[in-house]
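Colleague: For reference, the chains in residue letters:
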Amino acid sequence: MNPIARRWFLKDCGVGLGALALRQLGAATVDPMAPKKPHHEPKAKKVIFLFMAGAPSHLELFDYKPQLEKFDGTLPPPELLKGYRAAFINPNSKLMGPKFKFAKHGQSGAEISELLPYTAKVADDLTIVKSMVTDAFNHAPGQLLMNTGTQQFGRPSFGAWTVYGLGSETQDLPAFVVFSSGKKGPSGGSSCWGSGFLPTVYQGVQFRGSGDPVLYLSNPPGVDSELQRASLDSIKKLNEMRLGTMGDPEIETRISSFEMAFRMQSSAPELMDLSKEPKHVLEMYGAEPGKPSFANNCLLARRLVERGVRFVQLYHEAWDQHGNLVKDLAGNCKDTDQASAALVMDLKQRGLLKDTIVVWGGEFGRTPMVQGVGKPDGRDHHPNAFTMWMAGGGLKPQVIGESDELGFNVVKDKVHVHDLHGTLLHLLGLDHLKLTYRFQGRDFRLTDVHGSVVNKLIA
Amino acid sequence: MTVLLFSALLSVSGAAQTVDFSRDVQPILAASCYSCHGPKAQMGGLRLDAKATAFRGVSGVTITPGKSAQSSLYQRVAGIGDQARMPMGGKPLDAAKIDILKRWIDQGAHWPDGVGAAAATIQKHWAFESPTRPGAPTVSNRTWVRNPIDAFVLAKLDQENLKPSPEADKITLLRRLSLDLTGLPPTPSEVDAFLKDRSAQAYEKQVDRLLKSPHYGERWGRHWLDAARYADSDGFEKDKQRQVWFYRDWVVNAMNRDLPYNQFLTEQLAGDLLPNPTQDQIVATGFLRNSMINEEGGIDPEQFRMEAMFDRMDAIGKSMLGITIQCAQCHNHKYDPLTQEEYYKLFAYLNNSHESNVVVYTPQEHQKRAEIFGKMREIEADLQHRNPDWKQRMAAWEASVRNNQPQWTVIRPEVEDISTGGQKYLPQPDGSFLAQGYAPTKHNPKMTVKSPLEKVTAFRLELLNDPNLPLTGPGRSVKGTGALTEFVVEAAPSKDPTKTVKIKFVRASADVNLPERELEPMYFDKSKNRRVTGPIAYAIDGNEHTAWGTDAGPGRSNVPRKAVFVAETPISFEGGTELTIYLHQRHGGWNSDDNMNHNLGRMRLSVTDAPAPVADPLPAAVRDIIMGDPARRTPAQEQAVFSYWRTVAFPDRNAEFEALWQQHPAGSSQLVLNERDAMRPTHLLTRGDFLKPAKQVPPGTPAFLHPQSASAPPNRLGLAQWLTDRKAATTARAMVNRVWQAYFGTGIVATSEDLGKQSEPPSHREMLDWLSVEFMDRGWSLKGLHRLIVTSNTYRQSSKVTPELLEKDPYNRLLARGPRFRVEGEIVRDIALAASGLLNPKIGGPAVYPPAPDFLFQPPTSYGPKNWHEEKGDNRYRRALYTHRYRSVPYPMLQNFDTPNGDFSCVRRTRSNTPLQALTTLNEPLFLETARALAKKTIAEGGASQSDRINYAFRRCVSRTPSDAERAELQTLLERQTARFKDGQLKTTDITGGEENPELAGWTVLARVLLNLDETITKE
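First to last, the protein sequences are chains A and B.
If you count the first sequence from 1, you need to add 1415 to reach our numbering.
If you count the second sequence from 1, you need to add 3 to reach our numbering.
Derived by calculation from the structure, the hints in this document are not laboratory data.
Computed from a prediction, not measured in an experiment: that's the story for all the values here.
Beta carbons are placed, not taken as given, at the ideal position from N, Cα and C, and that holds for glycine.
Don't take every hint at face value.
[Claimed, not checked] Straight-line alpha carbon distances no greater than 20 angstroms define the calculated SDA-like cross-link-like pairs of lysine to any residue that follow: (1) B:Lys-695 - A:Lys-1706; (2) A:Lys-1497 - B:Ala-34; (3) A:Lys-1706 - B:Leu-353; (4) B:Lys-698 - B:Leu-353; (5) B:Lys-94 - B:Ala-34.
[As the list claims (entries may be wrong)] Computed footprint of chain B on chain A, listed as stretches where at least three residues anywhere in the stretch have a Cβ under 8 angstroms from a Cβ of chain B: (6) 1536 to 1544; (7) 1629 to 1641; (8) 1710 to 1722; (9) 1742 to 1748.
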């Protein structure tokens, strides 16, 4: 029960429960979203996950491979391909050199592609992990693994686990908000932000960049705010009367749900209204009020964490370059680079980056081998090595990890998706071994039976 | 080498030393074995801390004194044999320790009496023993006991010093009963009739009435559909629509006709294996096919067939067996005595099926078909009657065609991966390819082969049926059809394969040549081209807008076809010929992520050197009969030959048959399983990885449950027999527990998906056993079980709760009060529809599309664009059971109310109470429509006075009449808001949907409030 509701219950409800009974009643209807104490002192409280669905090419963006350039057009060494399965291509296809130029940036000297000029500018705020590995090489299973720690459907998402572990810090907005931009929706569908076997209150709530941000947020036609309030008052009074008769504390929860719905009706549109943002902020992101885009979503993500939202996830599905790599990669970077970097800068200048983690990355990497016939211009799915970056909350800015000379396998500081999950939970004050939920007779974790905290990533 | 030497040395030097159990052996066992085979856990039924149990052995003899080679204790820790090395999942014991164990056994395995634990038996978990009927306990107040349920409940309350609550008032009771049995609230007149009925059996009469209602099947079928992970789409990225509503309707009907639960399970597991299975029984196997299908580009179809298999195992575990078995996919079950090997033995029962998609007909369509075929038979009989010499004439014809076919040599080309656009061409034993996985709508596979003949004059392309194709193929479209845009061949000398020559074809023939026809809308490719199918000549005309079409219409779409292409000059190069064949398939639609492919499904290529061959006009089945032994021909075969022969012998009658074919219904499709002829071997998969098969395992059942009957067949039917055996420990208990959960909010065992060792202890274990035995004794009748529960006094208690009781029993596990909780998502919607009078009570049929926001079904919200043709007619107001379910884009209203999306089997829904639910019932368009309709109905039928009307509307929502205070609150709202509409503060037409009627607007406001009350969506 939230404190306000509890006070109301004591003061106004008048069902005459004794203090003892009320305590018990509190236990029976404990608010699943109430803030919870983490396992240890957290370094971060919130997460913004920029999910680059479709899987961006590490070889064109962050992981520069001069040798790959040198061996362009030749076949990969056979020992590399032993036991290797590719999604579309015959693994024994010719190597393709990086299609874009790289330069060193920042104090760290991070090599970043010419496609990411804005990201390059915040290089020293980023923890660039060039040694990510995953187990999956098809989109839906890969996205599920990155989001739920398993390739199978039915497990809670990272965001759901986080809210389950930490609760919510806002009464007016959902604790876990999801946006989607790009060409398509994510391959994993709504299961990417689902609650799995956790109570459904922990699932992500999809927000839209235009129109009603939350489904059914607006009053129906003909209902103004006075009528809505009057209706809610009647609903509340009638529910209170029924509570008096039946004594079921669930009715009280229903009353507070309706009240929060009403608050959300004013807080969500206020949140979504970008027109009040100063011009220089809009320009920094490349956001245009009223025109849904990844940039708008980045700015909205900042506004959400400002308002206490725990977990924000932005899906941008566009990165599956089996072909047209040169053109589409450039386009995708144009759509996302500026806003991603602006988000980091903006959070930093507002002092929010201290306790907010920004994560950027997709479900896997792309093959050093070419895909395509005629004038081949694509790369297939590749799970053995890819790059992600993070910023903020307790992370140590640096470039970490290494793949081999062809960008095929990780050779140094391997970070598996499970390790990433374990580390991010650690930063949030949660021990991935202790954050469990009992289901079907056993305790489940986001990291299942894997994962370890990567201390090198932590400041 | 060194290790071996070292251990050999050890055993030689140590052989002289006598091993002492307490000093040497027990510490090893305690350190490495007891955690899984000790007092707390006895995995695999093995307990090593007590002498009596340690020697007994489970799979093989654990300890054979004097013979380490015959002792599994030694074999397993030493890693000998093909079973997993012990300690499972831990580091192997070092050589010295293994040697101690070996020597101890070889020296006679002396275990002094009195050492170790005293346990002589291994306590079996209660739920793994077959249930027996316990006697009803004695209770404080026998008059309260209406049936044994009450005795079990009351005995527990006596122990806790609690008293049952009084019976709920009649109105509450009828509403509760109606919501429980049909998922719909009672109508006011049903309430009145019940109130008027003063007879002793008044309540029982209502129970009978509601159990007979066809809505009963919808309500309880929905529960099963959760367990069956039912959805109308494939899931994963593409999430294509699928037709499986015949299965949904089968479940609803099975509930309504009270199909005994054991039979209900049997048909779902193995309906196709029953003698002379009916269409219904085959449809029932759709249960196993409700798994998701991944046709993402680049997948390995076998990987996702295995995923589906794991999903089936999970669904059977949760829904039928009531035990979580999923963990054993990768390793032995940690808590329950299920080994990984046993998991794969269960798996083996299921692993021998085709993933089929068959055509199904409604009863009306069946009748139509019978009529059509009856008429055809009449005409054929007439032909035979008019031509008494038909037998001789047909025999002469047979002789003339028996040897008129040239020799064809099947070729098995290599398919170039990159050319298939992601579709997998799986080579089959007969030389054909089966197309599986991703289905690009336009592609051009390149196939190369060295010619097996010195000279090739012509090519034959056979399109074949396959049980794994839609409606058996021969194509891959949702109708099982396909089209060949162009047949192209290049040839080159083997000596210099770069010198390719394109082959010119001068003649093409086929066993079907249909008139030119424009493509159906499902193949629209967004171009302006006029794209057609037609005769075989279209496959060699060099025009990519024309294709050879094989779909001869309903009833004849799914037959094998063949075509022959004759080259202008024979193809021959000195030193051998390389042939490259392209099967252009470019007649699909624009979206490869949807059901728009028009591909060939299974195809086989052959070559000949015979001059000028033509495609055999005889259907393959007829050709086979003719080539067979005439003496062994059956009458049905004779008839089949006749049915073909009369088309050439009496062509003037063909039009009559053609007219009948035109009336043939198209039917629908349904995903089912279909047993394979050749057994597919099942292997234990290391860590559940399909790429790591270990030893092969036969079908079998776990040792910790009742034994499988020796006569049971080693297939799905055998599994069904075992699961529905009277001795099955968990089958009846699991179902009874879930039925209980639906009534009271929590099962007798709260963890209804798992009755295993980690389950929560049952609140009333004896009652669960009693009910389970009673359920089986009543012929596994679910309606019988329902009747038993709803007629108990336990069920009929008032759900009012006092602070004292709430303190003592917040979750109502003791059942000192009746159940009170929010109804399930579907019923939230159904109540609003019923209260408003909009409800369309039609049972069954294809899924419907009530209003939903368009953007949900478009990128970037959805992966690809999805169909959602919002219903404009009364299908808009069907029960929520019939709402189309996309797995990746769940229907938002239902999702907000905790309805599972069918990704996996769900036997226990969560029940949340959230602001999003409030926003849904307040603002969602269909809820507003129901408010408006309730307002109209209230004005029209609710009486003349305001208070009569308020009573009427109130009763339609919650069945009772409002108190004075409630009525006063509603009156105030009504009057104030109506006034605002009247004086123009609010726009009337907006809320009324166009009517300039402030009164209706005001009543709509009131109705909306009523539909949003906690009580309206709650079972009290």
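Colleague: Could you run down the list of hints and mark each one as holding or not?
Modeller: Hints versus structure:
no.: 1; hint: B:Lys-695 - A:Lys-1706; result: violated (50 angstroms)
no.: 2; hint: A:Lys-1497 - B:Ala-34; result: violated (40 angstroms)
no.: 3; hint: A:Lys-1706 - B:Leu-353; result: violated (52 angstroms)
no.: 4; hint: B:Lys-698 - B:Leu-353; result: holds (17 angstroms)
no.: 5; hint: B:Lys-94 - B:Ala-34; result: holds (12 angstroms)
no.: 6; hint: 1536 to 1544; result: violated (count 0)
no.: 7; hint: 1629 to 1641; result: holds (count 12)
no.: 8; hint: 1710 to 1722; result: violated (count 0)
no.: 9; hint: 1742 to 1748; result: violated (count 0)
Consistency with the previously given hints fails for numbers 1, 2, 3, 6, 8, 9, ordered from lowest to highest.
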